Structures are given as structure tokens and as C-alpha cells.
Amino acid sequence: MMEDALEIGGKIIKNRLFVGTGKFAHHALMREALLAARAEVVTVAMRRVDRKNHASSILSGIPEGCTIMVNTSGARNAEEVERIARLARAGGLGDWIKIEITADPKYLLPDNAEALKATEALSKEGFYCFPYVNPDYVLGKRLVEAGAAAVMPLGSPIGSNRGLKTEEIVRIMVEELPVPIIVDAGLGRPSHACHCMEIGCAAVLVNTAIAIAEDPVAMARAFSLAVEAGRTAYKMGLPESVSFGRASSPLTGFLGASGEER
Amino acid sequence: MVKVRINGKETSVDRDVRTVLDLILKEGLVPNDVVVEYNRQVLPRDSWGETCLKEGDSLEILSFVGGG
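Chain order of the listed sequences is A and B. First residue of the first sequence? That's 49 in this note's numbering, and the numbers climb one at a time after it. First residue of the second sequence? That's 212 in this note's numbering, and the numbers climb one at a time after it.
The hints are simulated quantities; they were obtained by calculation from the structure and are not laboratory data. Keep in mind that this is a model prediction, so the values were computed, not measured. Mixed in with the good hints, there may be bad ones.
Computed footprint of chain A on chain B, listed as stretches where at least three residues anywhere in the stretch have a Cβ under 8 Å from a Cβ of chain A [to be verified]: (1) 225–238; (2) 251–257; (3) 269–279.
The list that follows gives simulated cross-link-like pairs (lysine to any residue, SDA-like), each with its CA atoms no further than 25 Å apart [unchecked claim]: (4) Lys59/A x Val276/B; (5) Lys237/B x Ala103/A; (6) Lys265/B x Lys59/A; (7) Lys165/A x Lys214/B; (8) Lys237/B x Ser171/A; (9) Lys214/B x Asn101/A; (10) Lys220/B x Ser105/A; (11) Lys172/A x Tyr249/B.
Glycine included, C-beta positions come from ideal geometry on N, C-alpha and C.
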């Protein structure tokens with residue numbers, strides 16, 4: 049089979065499982081999980097340093113060669129996103145920004161209007177913007193016009209493990225938008241990730257389900273296999289479903305049956 | 212003593228802490244692990260040593276943490 053690479057954000061990515069780095073018990077475990085996932089794209093966040101209790105940098109636990117996407121979680125509006133993006137660039141982490149603006153503390157749902165504003169502003173400054181949004185096809189068109197490198201619709205609320213509850217709209221976005229669609233948030237099982245890939249998503253981003261698994265390394269591998277399986281199936285074209293049975297073994301020529309009776 | 216605001220908190224810094232770089236080192240931070248916003252502008256690392264702290268300055272010192 050031809051190599052099936054994803055061209056995105058000025059790079060060529062082979063592994064379509066993007067992995068978030070939150071909630072791992074410690075950096076060494078996270079590193080093992082990232083290696084097991086064969087992750088090429090990982091996300092990190094930025095926070096004020098705790099002056100009384102310096103934590104070691106998350107970056108030390110990320111395997112070499114990974115592309116780092118900085119998420120702007122914690123930002124409340126486009127202006128804060130822009131500040132975080134510029135700081136990330138000054139920190140030498142490159143130009144990939146996951147625009148995440150949380151407007152709602154209960155469901156952690158993103159603010160689409162502010163995400164569009166931030167995408168417009170940061171694309172002009174040469175950032176590759178990956179806006180995390182509530183699935184909305186028309187907004188997706190606006191994001192593409194604004195220069196988004198990809199669009200990241202949520203499957204279900206962050207950390208909820210409920211899977212792709214937004215499938216109808218995500219399917220339309222996959223079908224119609226000329227940029228990669230990456231499902232982000234809510235994927236709790238490898239089968240959820242596989243399903244996203246089967247319907248043609250370019251990649252998925254998984255964090256919680258891997259990080260808090262009993263064995264994050266094994267779960268990372270499970271997700272990696274599922275993403276590969278779903279992607280391969282999508283490339284092959286899935287068969288249509290029908291409402292009656294169709295035998296997979298021949299039904300004729302058996303124990304004297306004439307064959308005509310059937 | 213000079214009074215500055217660090218990560219939203221009013222802080223008095225000693226006279227021997229003259230520059231942003233002095234402050235980062237005094238705080239025990241690893242320069243490569245943090246980024247600094249100085250009066251709401253990103254301050255590139257190579258400017259830390261020549262940026263002198265003044266009364267009323269506002270600094271945000273951030274680091275990279277785990278996130279999804």
C-alpha cells in the first residue's frame with residue numbers, strides 16, 4: 049500500500065493518533081505511553097509557574113522528534129489566546145497552536161466565536177491554527193477562510209469518554225471542508241477512535257482515556273492500533289449495510305440439495 | 212527594594228535583583244523551561260539580561276505543563 053501520510057501544518061505526519069500530555073501520573077510513564085502510541089504530535093499547555101513549588105518541565109518527558117502543539121486551555125477569549133501563542137513561540141515550541149477557549153465551566157464546551165477571532169489573528173502572524181470547536185460546518189468554512197490548518201470538532205465533552213456523539217455534523221465537515229478534520233475530546237475507547245477514522249477524519253486527539261488507564265502504555269498501544277485499523281478501513285471503502293442476511297458461504301451443492309430449491 | 216507584580220501577585224524584589232534574568236535565577240527557575248511576558252509584551256530570552264526591573268512592572272512567568 050502507498051504510504052498514507054497526513055500533510056498538515058507544514059509537516060508530513062504518519063501517525064494519525066495525536067496524544068495529549070495531561071493527567072499522567074508522572075513524566076516517565078507519559079514518555080513510555082507516547083512511545084507506545086508512536087505519537088508524532090503531542091499537545092502541551094501553559095500555566096503560570098508555581099513559585100513555591102517548581103515542577104520539572106513537561107518537555108523533558110516528550111520523546112525527541114515529536115511535533116508539539118501548544119493548547120491555549122485556560123484562555124477566556126481570543127486576546128488571551130494570542131498572548132499564549134506568542135509566548136509559546138518565544139519558548140521555542142514552534143508555531144502549532146490548538147486554539148481552545150473554554151466559556152463554560154460545567155461542560156467545558158468551547159467558544160466558537162472567539163476561536164474564529166483568534167484563528168484570524170494568529171494565522172496572519174504565521175501560526176498554524178488548530179481551532180477546537182463545537183462541530184459546526186458553516187463555522188468550519190469561516191475557519192478555513194481565516195486560515196485554519198485543520199479544524200478540531202469535539203466528539204463529546206472533554207474527559208467524558210462518551211465517544212463521537214456529534215457524528216452527523218462531523219461527517220458533513222469531513223465531506224465538505226478542504227482541511228483535515230481532527231476529532232478532539234470525549235473519545236474514551238479505542239473503538240471510538242477507530243470509528244472516527246472509519247468515517248474519514250484525518251486524525252484524532254486522545255488524552256484522558258490513555259493517561260488515566262490502569263496501564264497507560266498498553267492503552268496507548270490499543271488506541272494506536274485502533275486508529276490504524278479505522279484509517280485502513282476508510283481507505284479501502286466500507287461496504288454498504290443492508291437489512292437482511294447475505295451468506296458468506298455458498299448455499300448450494302450441499303448434501304444433495306438441488307440448488308434450484310433455493 | 213522594588214515592587215513589581217509577578218503572576219498577579221505584588222512582590223518586593225531585592226536591590227541585587229536588577230534584571231529579569233536576575234529574577235528568574237533568584238527564583239530558582241531554569242531559563243530554558245520558562246517564558247516571560249513583561250508588561251504584557253513577550254520578552255525574548257536574549258533580552259532578559261538587559262531588561263531592568265522598575266517599580267510597578269508586571270511580569271507573567273509561565274512554563275509548559277501537561278495538557279490535552
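Would the hint linking lysine 220/B and serine 105/A be met if the CA-CA limit is 25 Å?
The given pair, whose Cα atoms are some 22 Å apart, holds under the 25 Å limit.
Going straight from one Cα to the other, do lysine 237/B and serine 171/A come out at no more than 25 Å?
Not satisfied, since the Cα-Cα distance of roughly 37 Å exceeds 25 Å.
Has the given pair, lysine 265/B with lysine 59/A, been kept, meaning a C-alpha gap of at most 25 Å?
It is violated: about 43 Å lies between the C-alpha atoms, which goes past 25 Å.
Would you mind confirming whether the straight-line C-alpha gap from lysine 214/B to asparagine 101/A stays at or under 25 Å?
holds, 22 Å
Pair hint lysine 172/A and tyrosine 249/B, alpha-carbon separation not exceeding 25 Å:
holds, 23 Å
Hint consistency between lysine 59/A and valine 276/B [alpha-carbon to alpha-carbon, up to 25 Å]
holds, 24 Å
Quick one, are lysine 237/B and alanine 103/A close enough, alpha carbons at most 25 Å?
holds, 16 Å
Three or more residues of the segment 269–279 of chain B near chain A by CB distance under 8 Å?
The restraint on the segment 269–279 of chain B holds, since 9 of its residues have a Cβ under 8 Å from chain A and three suffice.
Can you confirm whether chain A covers the segment 251–257 of chain B, using C-beta to C-beta distances below 8 Å and requiring at least three such residues?
holds (count 5)
Given the proposed pairing of lysine 165/A with lysine 214/B, does the C-alpha separation stay at or below 25 Å?
Not OK: lysine 165/A and lysine 214/B at ~36 Å, beyond 25 Å, violated.
Count residues of the segment 225–238 of chain B with a Cβ under 8 Å from any Cβ of chain A, then say if the count reaches three.
Answer violated; 1 residues pass the 8 Å Cβ test.
Consistency note: the structure conflicts with the earlier hints numbered 1, 6, 7 and 8.
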